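Line by line, the protein sequences give chains A and B. Counting from 1, one number per residue, gives the positions in the first sequence under the numbering used here. Counting from 1001, one number per residue, gives the positions in the second sequence under the numbering used here.
Each hint should be verified, as a subset may be incorrect.
Simulated coverage check for chain B against chain A, where a stretch passes if three residues somewhere in it have a Cβ under 8 Å from a Cβ of chain A [what the hints assert, rightly or not]:
id, region
1, 1101-1107
2, 1310-1324
Dumping the calculated SDA-like pairs for lysine to any residue here, alpha-carbon to alpha-carbon at most 20 Å [to be verified]:
id, chain 1, residue 1, chain 2, residue 2
3, B, K1322, A, H125
4, B, K1105, A, P450
5, A, K436, B, T1108
6, A, K222, A, T37
7, A, K177, A, N152
To be clear, the hints were calculated from the coordinates, so they are not data collected in a lab. Here the structure is a predicted model, which means the values were calculated and not measured. Beta carbons are placed, not taken as given, at the ideal position from N, Cα and C, and that holds for glycine.
Below, each chain spelled out in residue letters.
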Amino acid sequence: MDALEIAQWQFGITTVYHFFFVPITIGTSFLVAGLQTAWFRTHKEKYLRLTKFFGKLFLINFALGVATGIVQEFQFGMNWSDYSRFVGDIFGAPLAIEGLLAFFLESTFLGLWIFGWDRLTPKLHLMTIWIAAIGTLLSSYFILAANSFMQNPVGFEFNADKGRAELTDFGAVLTNKVLLVTFPHQILACFMVAGAFVGGIAMWQIIRHPDRDIEAFRTAFKLGAVTLLVSGLGTIVSGDFQGKVMTEVQPMKMAAAEGLYETSEPAPFSILTIGTLDGSKEVYKLEIPRLLSYLGTGSFDEKVEGINSLQTQYEQLYGPGEYAPNIPVSYWTFRIMITLGAVAMAAGVWMLWATRRGRAPTSRWMLRAAIALPFLPLFANSFGWIFTEMGRQPWIVFGLMRTSDGVSPGTTTTEVLTSLIGFTAIYGVLAVIEVKLLLMYIQRGLPDLPTDVPDDDDSDAPLAFAY
Amino acid sequence: MELTTFWFILIAVLWIGYLVLEGFDFGVGMLVGVLAQDDKERRVLINTIGPLWDGNEVWLLVAGGATFAAFPEWYATLFSGFYLPLFLILIALIVRGVAFEFRGKRTTRAWRRNWDTAIVFGSAVPALLWGVALANIVHGVPIAENKEYVGSFFDLLNPYALLGGVVTLTVFFVHGCVFVALKTVGDIRTRATKLGLKVGVAAAVPAVAFVVWTGLDQDKLTVWLFGLLAVIAYVAALGLALKGRELLAFAATSAAIAFVAVMLFVGLFPDVMPSSLDSAWNLTTTNAASTHYTLVIMSWVAVVFTPIVLMYQSWSYWVFRKRIGVQHIPTEVLAK
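Chain A with its partners taken away, still in its complex shape (with noise of 0.2 Å):
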């Protein structure tokens, strides 16, 4: 393997990892708030205890979204100077702006929540958890506008001179439309997570623990499920909105996500190919006819370009060179994402028509489900970015650069390897401390509530918190 391969599967490996605790975070951050709101509201002793139970479990997940998160800003200039050479003008700007506004008002106010029980007034510390949780939004918006620029630049110039892209138009970025379809996606697709999460360990603790707070974790479930559905359903409308975008934007990543050899006018949806996938030895094949030209266009009748006219359309555009991504890749991953959305809502639907008026299911398949729950939306989110990178490829920044370009040119193999197995054998070490721990937490079940103390600066009653 060369610098450059390897560079790309550390830039995986670190992103799809970081990636499992960032749409925790973002979801879980609001229904923790919501929980501590209804506590405020209502004053009833199991919003708080559930708020203190999620919100350990929110904490530990979020510990290793910061210390994952400041490799993904450091890695671009480590492995990719090229790249950040060449687009530096235009994708700096929403990652200054992403740590500005949004970084440190998560760590601030975040700190603020963790250790200010006792030190500021309810209704203040409320605020602090919804301030932390608005700033993950202003977080994600920031992030994608970088990435969306990447999917489909707007708003800058090519500079020859400097052999750079300049930005003219920074309102342009921030409502690319690739940002606005992919912003609600990916927001909703973290709330299918979060509820995914809260509702598959209550209901873990309801078939487990039937005789432990009960009551409390029949609320956390009903939340996490109806998080989970509703969210799921926006997924899929802001999805099949971000699908047209991408077949006008990124016709080949389209393309490749389907399969689609020729150019098909209407075009049929793949269900399910065996076989192989470049199309010359099918086994079995199942498809929807015209499918693909609704999800693609919005009419039934519309043509959508297969692989192969890209292909040609691309070499004369930008010389000679293989203009499609990973097949297989992008038609397994594209696949697998939906499947895993769709399987976490029905077991959601099963989940709550199985606890409808008080019932409480006790068999072993819905534990199973249970278990599995929180990961269906998680790892939907992963193959969902794999497909969006990697049907990108060979593209880092669509028609503008090609990966094999952006990467940086000083840097040797053996750095490079040094780094990606460092990180590796790290984040597979912390992975299985983080794992361990919420399992631990979680079959401890709601924490007890401690006894008020009133607290000035004088007192020497234990702090409500502390490390």
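Use these hints to put chain B onto chain A, whose structure you have.
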């Protein structure tokens, strides 16, 4: 003033903020390994920075992001050139951040001991390496005509840079002692001051040597001036610590760190990364910068939001102003 100059100053300010703020929490992290005598005291130390360290670290992220946005060439050359040191810093910051959050989550001694090691290592390594990195940036490193760093990892470990690393390591340690003295009550407060003075006197030798070396290296009057101010602030900090004026002592170590950083950035200007091979290949505030348009937008964002950030971050320091001691740490029984 040119916008490029404004952004050079702004990035310098972000670095100063980062070094002053994370400087003391790196110091506290190192103290977990030497000052605390038992688990409760270690928890006292960690809790003095518990709500603050993450916000402090964001200064680094914003400094990095601002460099990317305002001087992409600087960002690209620096981050790809200083590859291995940055990799080590990243590993250190990762385990350190996780350690703070995870350490208290279980009560076995082995668990605590392992995370304590992570906190000490994760604090000392970046404290050392940031000094090495900054000294190298200012002194100049082999950069070729194509703006790429062409040296090796070991070129970065030259005597001047290593001295810079020793200075940040030791001064952050002292800064941490002074901070602990300011934020704790009881026995640990006295011991923190004593240790800070002892190490502080010893650390004065490399610190002064570094200031003099930088002055000779850069040959600018302003560099000497800020170097002198740094030394004065540092000596004042030791005197104030000796007298038990803890808040002023902390203000003085903060000022000393800030002045050293100003000295370095003044020495650097108008370059952002000079080349040791040929001064024609220096990266400067002009040839490394983004377009005027980008800088205008970023300037507005910075002018509007930086004061807001400073306001709420200061408020959070105010909320957690209370001194803590072993009596504030909830009692727990540690298993084997």
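Verification of the supplied hints:
no.: 1; hint: 1101-1107; in the structure: holds (count 6)
no.: 2; hint: 1310-1324; in the structure: holds (count 8)
no.: 3; hint: K1322(B) - H125(A); in the structure: 17 Å, holds
no.: 4; hint: K1105(B) - P450(A); in the structure: 17 Å, holds
no.: 5; hint: K436(A) - T1108(B); in the structure: 14 Å, holds
no.: 6; hint: K222(A) - T37(A); in the structure: 16 Å, holds
no.: 7; hint: K177(A) - N152(A); in the structure: 8 Å, holds
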